[in-house]
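So in this note's numbering, the last spot in the sequence shown is 639, and the numbers never skip.
Keep in mind that the hints were calculated from the coordinates and are not lab data. For glycine and all other residues, C-beta sits at the position ideal for the given N, C-alpha and C. Keep in mind that a hint or two might mislead.
Label-pair ranges, simulated between beta-carbon atoms [unchecked claim]:
| id | residue 1 | residue 2 | range |
| --- | --- | --- | --- |
| 1 | T572 | A610 | 28 to 36 angstroms |
| 2 | L586 | D108 | 38 to 46 angstroms |
| 3 | D267 | S73 | 19 to 27 angstroms |
| 4 | N500 | K571 | 44 to 52 angstroms |
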Amino acid sequence: MSKRSRRNFIKTTAALGAGFAAPWMWRHGAPADAKTVVNRHFTAPILDPEVIPRFVDALPIPGANWPLLTGPSHQIALKRVQCQALPQNAPGFPKLETPCWGYRASSDYGHTYLGPTVVGIRGVETTLTFDYKSIDPRVHILRTGNASRAKAASVVDKTLHGTNRREPEARFIAHKHGSIGVDEKSDGYSESWVTPDGKTIATYDSATSGQSPVGYEQGSDLRNATMIHHYPNLIGASLVWYHDHALGITRLNVYAGMAGAFVVTDDNEAELIRRGILPTLGGRFDVPLVIQDRAFYPDGSWAYPDQPAPGRCAEWPGGPSTLAEFFADCMLVNGKTWPVFDVEPSRYRLRFINGCNARFLDLAMDRGGSFGVIGTEGGFLPVPVIRGNVLMGPAERFDAIFDFRPFAGQTLTMINRAKKPFPAGAPPVANLDGAVMQFRVKPALTGAAEVTASLPARIHPGPAPYEKRDAAAATRGVLLFEGADKFGRAFPTLGQVMGNSKTGLSAMPLMWGDPVTEKPRTGSVEIWEIYNTTPDAHPIHLHDVLFSVMDRQPIRFEKSDAMSACRMPMKTFPIQIEGQARASELYERGFKDTAIAHPAEVTRIVVDFAHAKPGRFAWHCHILEHEDHEMMRPYDVVA
C-alpha cells in the first residue's frame, strides 16, 4: 500500500470510528423492537430517536422552570435527580424520566438537568461553593447498557490519562468557562478534583500522574467534599457557563448533566436596555438557548457509547472505550428534546451556547430571517454583524437579536446544517439532528414590545483584543495533531511549533504531562498561531483570558506514516505556510474565549493577558472526547 493510500486509510477508519459520523451506522443491525435501534457502539438497544415526538413540550426558561441566583455567594450541590428531558405531554408516548447528575441550589427540580442560572455583576465578586458529598462515590452514573441497572458497570474508559491509575470514577472540579482574572485555585484545573468521600489527586504521586495539581480554592473543605470558587466577574455583559472539568471524564460528567449558565451584566448593558436596544434582563424577550445532543435507552436513561475499542493494535484490557467524537441524534435545548417556544411577533434577544460534546452547529431559521449578532463569548461586539446563520463550535456562544415580526402567525423551525465531524463529515438528518426547536409566532402582539430601537453603530465602548494586535509583545506557535494510540484509536494531541516562516517551522506534538512550553507574562498581549494538522476543525479554548481571531492562512505539512502507527512516536515534522491569509469573520473580532481552528490552516488569535493572574491554567480543544484523550495542555502565566 502506498504512503498516500495508507494515510487515506487511517483517516477513513478513524472517521468511521468517530460515533454517528455516517447515517447508516444509526440503523446498524435489526431493531430490537418497534421503539429501539441497535448500534454497534452500544451493548444494548437504544431508544429510536424517530419515535420521540418533536415540538411538543415547551422550552424550559430560567427563572420560570429553574432558579435564577442573584447576590454575591451561593451554595450549589451536585445531586442525582430525575429530569424530564424527554417529552412529557405527547399522547401515546410514555412519560420517561432521565436520571442525571445535576447542579442544584436550595431547591430540586426536574424540568431540566441544567444547574441554576447565576447572575453576576461586572467587577463584583461571586463566590460559588460546590458540594459533592451526596453523590455515590463508588461508580459513575453513566452505565453500560442501561443506567437504571444497579449492578451495571460504568462507561468510564480506564485507559485514558486521568483514569488509568485507578482514579475514582466519581470525582469533580467545576470550571466557569468564560471567567477572566480568576485565581488558579478557583479556575477548575482538571487535576484539582475531589470525590464525594473527600479523596483528591493529592493522594497520588504527581511525578507519575501528570502535571502537579495547582492546589484548591481558599476555604475549601475537601474532607466534606466542598470546594469554593471565587469569580471576580471582570468580563463584560455576557452569557458564560459553568461545567465539570475532571481529567479523563469531562465528556461523561457534562453528558450526565453537569452544566449551568452564568449571566454577567454591567452598566453598558443597562444603558442599552434603557434605550430600548435590548429587552429587560431575564425578561420574556431575553432567552438563553443551551443546545446539546443526547441519546437515550428505552427507559429514558442517558445512553453513552460503552463498547470496547474496535480494531485495536494492542491487547485491549477490557471495558468501554472512548470514541474520537460522539454525535447523538436527539437535539435538546435547555434540557428538553426538540422543544417548542411560543413567541410574540417582536424582536427577541436569543443567547446561544453550544453545549454539545463534539457537535458543531450551523443554525438558521427554515423560513429565513437574520440574526443581528451583538456579542460572543466575552461580551458585546464593537460593531453588530447581520447574518442569516450562526456557526458555533462546542463551547462558543452568540448573543443575537432576531426579529419575529415578519413571521406573525407562522411557525419557524431552527435548523442545524453542520456536518459531523466538521467540516467534511456526514450531513445531519433533516428531521433528527438537522432540526433543533420550533418557534410558534403569535398572530398579533400581546402587551408591549421591549426592543423598540435599532442596533447602534457601536455596542461595546472599549477596545477588543483585535484592536491591540499591533501591541503584541510576542508571537508563539502551537500545534493541533492527530495520530494513533497504542490501541489504534485516533489520538488527538496539542504541541508546540518552533521557528518562523523565514527560518522554517518545526512542529512537536506534546502530551498533557510534558513540561510547560507556553509562559506568557501577565499584562501582555500575544499572538498565538494555531497550526491545525488534523483532518477536522477544533474549537480551541484558553482558560482565564479573552482573545480575538485575527486571520487564517493555508499550511502544508507532511507527517511521517510512522506517526500514525499504533505507538505514535513523538518527533518533530516541518510545516510550511503558503497562500494568502484571509481576514477573520467580523463577529470573531470581539471578545472570545473559544475559536474554530480549521484543518490545514494556521489560525492567528490576539490574546489579551491584561487581567490574567500568575499561575497555571489550561488550553485545549473543547470537543470533550478530544480533551479527555490528551488534546489539552497546561500553560503558565508568569509575573
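For each hint, the structure was consulted:
| no. | hint | verdict |
| --- | --- | --- |
| 1 | T572 to A610: 28 to 36 angstroms | 33 angstroms, holds |
| 2 | L586 to D108: 38 to 46 angstroms | 43 angstroms, holds |
| 3 | D267 to S73: 19 to 27 angstroms | 22 angstroms, holds |
| 4 | N500 to K571: 44 to 52 angstroms | 20 angstroms, violated |
Comparing the model with each numbered hint stated earlier shows that hint 4 is the single one that does not hold.
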